[in-house]
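Enquirer: Spelled out from the first residue to the last, the chains are:
There are 2 protein chains.
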Amino acid sequence: MALHAVIMAGGSGTRFWPLSRSAQPKQLLTLVGNRTMIQSTVDRLGDLVTPERLLIVTGERLVPAIAEQLPELPARAILGEPCRRDTAPCIGLAAFQVIRDDPDAIMAVMPSDHVIQTAEDFQQAIRFAAKLVEEAPQRIVTFGIRPTYPAESFGYIERGERLKTGAAGANNCPAAYQVRRFREKPKVETAREYVAAGSFYWNAGIFVWRAAAILDALKKYEPEMHGRLAKIAAASDTTDFLQVFRKEFEAITGKSIDYAVMEHAEDIVVVEAPFRWDDVGSWQAIARLQPQDADGNTVVGKHLGLRTEKAIVRSSDDHLVVTLGLKNCIVVHTPDATLVANRDDEESVRQLVQLIEELGWGKYL
Amino acid sequence: MALHAVIMAGGSGTRFWPLSRSAQPKQLLTLVGNRTMIQSTVDRLGDLVTPERLLIVTGERLVPAIAEQLPELPARAILGEPCRRDTAPCIGLAAFQVIRDDPDAIMAVMPSDHVIQTAEDFQQAIRFAAKLVEEAPQRIVTFGIRPTYPAESFGYIERGERLKTGAAGANNCPAAYQVRRFREKPKVETAREYVAAGSFYWNAGIFVWRAAAILDALKKYEPEMHGRLAKIAAASDTTDFLQVFRKEFEAITGKSIDYAVMEHAEDIVVVEAPFRWDDVGSWQAIARLQPQDADGNTVVGKHLGLRTEKAIVRSSDDHLVVTLGLKNCIVVHTPDATLVANRDDEESVRQLVQLIEELGWGKYL
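If you're matching them up, the sequences are chains C and V in order.
Numbering-wise (numbering that gives the first Met the number 0), the first sequence opens with residue 0 and increments by one.
Numbering-wise (numbering that gives the first Met the number 0), the second sequence opens with residue 0 and increments by one.
These are calculated hints, taken from the structure and not from any lab test.
You can trust all of the hints, since none of them are fake.
Since copy identity is lost for identical chains, a pair holds within one copy or between any two.
Distance condition first, Cα-Cα at most 25 Å in a straight line; then the derived SDA-like pairs of lysine to any residue:
id: 1; residue 1: Lys301; residue 2: Gly361
id: 2; residue 1: Lys301; residue 2: Glu357
id: 3; residue 1: Lys362; residue 2: Leu305
id: 4; residue 1: Lys230; residue 2: Arg75
Pulled out of the complex, with its shape left as it was, chain C reads as follows:
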């Protein structure tokens, strides 16, 4: 059973406004290091999958930009959805494509915009998950991150019994557990209970399963969605393909894979992630992931700070940002828009983006 990788790259990343825009969302940005998020995601796969077994699913508008960032990929490796319908249809679409040439395919599904280190740890973890799937063909494997604070922005996975046989019984392998339950993004009080309990993980949104198994699950729990995806797959070699694709895909009710499948499926295993993980959910993350100067400032681009502490500054090599007498500030400069925010207020960037839209200033989005 050969391993395939599916990278989900449909996110809009409004939290990184004004750097992220509708035409250049987070996965296309260089936020950490010198490669874009999606380039790093592909780099991280190493030789885990052969190039013809890599599939990126994104919005159709982003296909050219992604192709430009990943010139080594063949055109067929990038699939553009005609509209956004959340993760379940995206995964179903990918599963149908993968299974066409390889009915036994095992799929590793992952977001395109997280930081995961090291690549070796990640690859080993995926290989381990693939073994767990080989042992039980209908099994779904997820990855859980040990929570470090009561985050409200992640879903949680409650673990049950530890797996002790087969691959999970080998030496030096990551801990793997049956999943007791998937939990939606909680309020902070509930999140605190989860963290205190010690048996909850953050859901990293990385899955390993047989393509056939996830399609079976979609057929069972989301028959209408499955039916439309099957029609799209059946049309794939016909001249009507684009028409069918658009019509059927648009008719699907958007749903996340968690709601569509995870909350119902039976044999789900969570592997405690043996890699460093960060979802890079906001500018704050940049301060976690980049080195800081002596005053705690995190800077990309040309900056001069006087009495400036714990700032996050993002500019370019040409545009000088000067900060004076500021603490805990975020300054992001782009050619047509600048954000200056208090770090503690940063969650509101999404609200800002909505406001900008309402004001009719869509050209800045």
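For this one, chain C is given, so just place chain V on it according to the hints.
Expert: For chain V alone, coordinates are given in the frame of chain C:
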């Protein structure tokens, strides 16, 4: 005796960085209203002087930009100094030019970058000062602003006896006093004493005198400076003029008119300014001079604020500045540099400009 106006426009205005630059100092900026500071200064004169009796003295590099902003002026109305030598040589140069065609000329000398309202009040005040000068040919008239706080950034004028005869004895004229003493920019404790005493004014840097009188004073107190200025004046119709001008002017030791003359001269009168005055010394001034929104924000250009209070934002109509969760902040966007400062820290902008120079980033200055 005809009235002439001399506008001193040599300032560098570093406190308005990044909007002010060496090639575009404060007097060339539109900081309040829709005219630049120097345009407003010329507008304010109204029909106080005829166009051929207006002279602007500036740095030679700024002559083209000033000519562009004031297309109605003849070329000879703008005099470019080859280098900066403070106000005394600038005033002497202007006096020599004015006296050439009009030995009895009365000169009103004023900065190019202050806000003064109303124009009518200003014109009446200058006319009144001219009368005081007509009564006493060697007299120097200055304008004093009633201090509203113990400013450290202004020189002070201590008043003596009130004038009660002649023009100063007329009805409805401003109060005029003999000057007891000019005081340099004080420390705040001294400034507090001045304000408490009630007999001190801020020195507005506006003077009225006969051109012949100020030249006599320069000859008496700064004979070397006067000698060099006289040589420049003598060369004015010769082919050597530019050479002589540069050589002699560069050889002058720079000095302010306060140090060179005011602290020594005998018959100095201070008129309590009957106009509204603001030196627009820093971004803070913009908040005094422009209307604010309900949250106390002062905005020029495209801005969206969320939980933003008492901010001063300066951008353009194209560049969107978004502020989030900020109090007392200054944000100034220009195409190649952005300043984000705490309002309480704003005095340090000059220090910043120096630092930028030291870092070799002169292209931003």
